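Asker: Now for the letters of each chain:
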Amino acid sequence: MPAVVSTARRRSGLRISKRALPYVLSLPALLVCIGILVPFFAAVLYSFQRYRLSQPWNRQYNWGENYLNFFTDPGFWNTLRVSLVYAGSTVVLELLLGLGIALLLQKRTRLNNFISIMLLMPLMTAPALAALMWKLMTNPGFGVLSYLASLVGLQDFRWASSPSTALFTVVLVDIWVYTPFIMILLLAGLRSLPTQPFEAAALDGVPRSFVFFRITLPMLMPYILTATLFRLLDSIQQFDIIYAMTQGGPGDTLTVFQVEAYLNFFQSTNVGRSAALLMILWVITYFLSFVFIKNWLRLRERARGEA
Amino acid sequence: MATLELHNIVKRFKDNTVLDDVSLTVNDGEILVLFGPSGAGKTVLLRLIAGVLDADAGRIVIDGEDMTGVDAEFRGVGMAFQNFALFPHMDAFANIATPLEARKAPRDAVKAGVESVARLLKIDHVLTHRPRALSNGQKQRTALARALVGSPPVLLLDDPLRNVDAKLRFEMRLELPRLLADRGATVIYVTQDYKEAMALGDRIAVMGQAGIRQLGTPEEIYLQPAGLEIARLFGDPTINLLDVRPSRDGQGIHVALSGTRVELPAAMEPSVGRACVAGLRPETLRFVKAGTKGAVPVTIEAETPLNEKTVTLVRTRGGREILVSRPAGTPGPDHGEAFLDIDAGGVLMFDKASGERLAAGGPAAPRKRATA
Amino acid sequence: MEHTSLIERILRAVALALVVVFFMFPLLWIFLMSFQTNETILSIPPELFFTPTLQNYTALITGKLTSAAGTLDIAFMRNLWNSVFLSVTSVAVSLLLGVPAAYAFARHKFRGSEDIAFTLLSFRFAPPLLVLLPLTLYFQQLGLANTYFGLVWVYQLICLPLILWIVRGYFEDISADVEYAYRIAGHSWFATFRKIALPLAGPGIAAAGLLAFIFAWNNFVFALVLASADKQPVTVGALAFVTASGIQYGQIAAAIVLSIAPTLALALYAQRYLVEGLSLGAVKG
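Just so you know, the protein sequences line up as chains A, B and C, in that order. So the mapping is simple: the numbering used here equals the position in the first sequence, first residue as 1, plus 82. So the mapping is simple: the numbering used here equals the position in the second sequence, first residue as 1, plus 250. So the mapping is simple: the numbering used here equals the position in the third sequence, first residue as 1, plus 1271.
Bound conformation, chain A alone:
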């Protein structure tokens, strides 16, 4: 049997230096991402320009003017308000509902497992298509929901067509699509909790509300925070559902950030304002994602430690 292999054999085959290997492996992925950075920086620049596609000759830097204009622009404040209300209400409602459902399905029974699989389905639907489905269902002419509404005395309930109920309708769709996500996360969290504290509490005769608020909830906190941040990040930049439902209407009732930016770009061809709007949104999401990733890393370490 050969002792140590001779030098000749060492040089054969594909030789990538050990040091360079990780960079070579991740290079293609990095290149793709760098490609994405270019338009990002372009957007940053646009946000500092007065730039309309319909008036290309007028294009010039106006530096912070786009941003300053926002302060006095009621349209901007409306966008901000609607976005925050939308994000806030969807996240809170989905959290409560998701937690409730997770608690209901906590026990590992065949029925519960079956139900949780079924409840996955709305999450797998494209949000834009979900909005379309609900649009059909809330159609004033033949929509089944309009019919049911009329049965309970809500004649002529306009759902997404009326400024007073449009937000309610899209929030409803959002809840329909995304609650299962929170449910899955919290269910996994609930099922991963150690059983000893609960067994001890049962033995000691601790009342169930106490168990829930003082034992379950604190232990579930990392999952709840993860789910909340995740959904907050997605909700504040929601586009698909709202655009598919009403394209931002009626009027400007539903012009959240991305919808407004889209309309600015394609309808008013106002690139500058659109970019500035998106930059503000990006700052918000960057901050949120920083917080999220920190929290998620902590959750991962914890899970590793207990593995």
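Quick caveat, the hints were computed from the structure, so don't treat them as lab data. All values reported here derive from a predicted model rather than from experimental measurement. Any given hint could be a false lead.
[As the list claims (entries may be wrong)] Listed next, the stretches of chain C that the computed footprint assigns to chain B, with coverage defined by at least 3 CB atoms under 8 Å from CB atoms of chain B: (1) 1437-1449; (2) 1453-1460; (3) 1466-1478.
By construction, the Cβ of each residue, glycine as well, lies at the ideal position given by its N, Cα and C atoms.
Starting from the known structure of chain A, arrange chains B and C on it as the hints suggest.
Answerer: This is chains B and C only, laid out in the frame that chain A set:
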């Protein structure tokens, strides 16, 4: 089949220097034990030799060839891991066969090689099992088989008996030396168990503080430990350590124990007047009849059987506790007043501040026991 | 273990039933609607029992709708094909790029790896229009507007971070010693990657690929901005359907059913992978 040399190896992890200028030569066919507590750098050293880690400085030479820059797959080394590191998605046969198929050996050669090693380690009946279906002992032997099958000139065994039950560990401790000697490989064996170290090693390298504290045969380490810590690590029950300050007068060097004068050999000169720690191995103390010259009076506190020994806990007049051990079955006092004879030749003297050994007593050979 | 009173159990069952009804009803309703003629759909109150018809589906599949007003061409099948092509290709590309990169990130903590990982992750959370709107302008200059190549490349923004995020965690879970053992036995790093790392991370890679496919398929805004009618996937195509004149509601419902069927079927078939990918992937990272 190969010599192994480590020259000035340095390895750092962030701010922690795990190995600082470590040098070592392992002779052809020798079993060298790396002994030390966890964190001493033993596993890191094995990984450096195997080539899966790179040293920050220094050279590793296997059979005269410098291994710097040589990847692990070309080093011709076999390694058995503490946690077995078996491939979970392959059966035991495939696991063991990996070194042979890496060489593109023909099917029959692979089969023959694997089966022969499996027979040797008595796992030939579980070769078709996946690792999760094997017991710890079978996993350990599969890992060992994988390391052995290619007959590598250098074998690295990282505490292979650690995760194995006591009975099997004892059996393997007897089988391994023969197994390894038959293969003729140069072996580095890592363990935290001093008994294992002394049973298996031709030489032992005691590691600590990012380096090798002492290198020697098991006898040398046991009878002439380089320092307090090393003396404490070897021996069961642990060596008795007593703070003393030897003094010299007309009749020679001595210390006082239980009010009695204990003579020390002239070789203890360096310890005179210094704060020292005297090390007395329990088996070098024996009970004698009252009135024997130089006997130290003690009170017996307790007596415990410990495997093949009987251990007695005694207390001196000064309140210090000493353990005395004798072979089980030999008679001895078990309560009340007793007298100890201390063999000056077996006393180890350590400097209190540094822990270094100042002197050992007389001849290294174990004393003859007088029948009581 | 718990004493649940009868009232409580009834309440639980009712609550659960309401939940199931809420989430399942729309899917069921649209499914039924897809088998209804326009007359059935438009009748009030909505009919629960009706004679089903396949004419909506035939119209979509054959691409032709013949009615009293004449024959209309429906390009929905084209949308379906676009969805399939874009999703499959994007996932394939992102696996090809992302799995080795995830391995690099998992095994070699090289300088800047955490920063690069965070940056890539933050792409997942950034508003897509921020990149898409300038990209439309660039694409027109580069000639990539409304091309499969351009779309697949942009879809990497959806798929790559997901693959990296989930698969890295699975690679990290493989004990380094197992890979060392294979290398010491005499195999190169590539053989170790192929024969040890990939098989052991297999479930994670499958979960990630599945999730990436679903996200790519369900994507709306990317295609809305960058694709014209002939390259649009079903998400955009179905919407255009609604605003087009002369289309019947039954066909819209059928189009929706066809559009969501693949993801729903995948989810049912591989739900274990999916749940693991979604929840544990979030935890494992």
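Asker: Given that the segment 1466-1478 of chain C was listed as covered by chain B, double-check it with a C-beta distance under 8 Å for 3 or more residues.
Answerer: That given contact holds, which follows from 3 residues of the segment 1466-1478 of chain C lying within Cβ reach (below 8 Å) of chain B.
Asker: Test coverage of the segment 1453-1460 of chain C by chain B using CB-CB distances below 8 Å; three residues minimum.
Answerer: holds (count 8)
Asker: Apply the coverage criterion to the segment 1437-1449 of chain C and chain B: a residue qualifies when its Cβ sits closer than 8 Å to a Cβ of the chain, and three qualifying residues are needed.
Answerer: holds (count 3)
No hint from the list above goes unmet by this structure.
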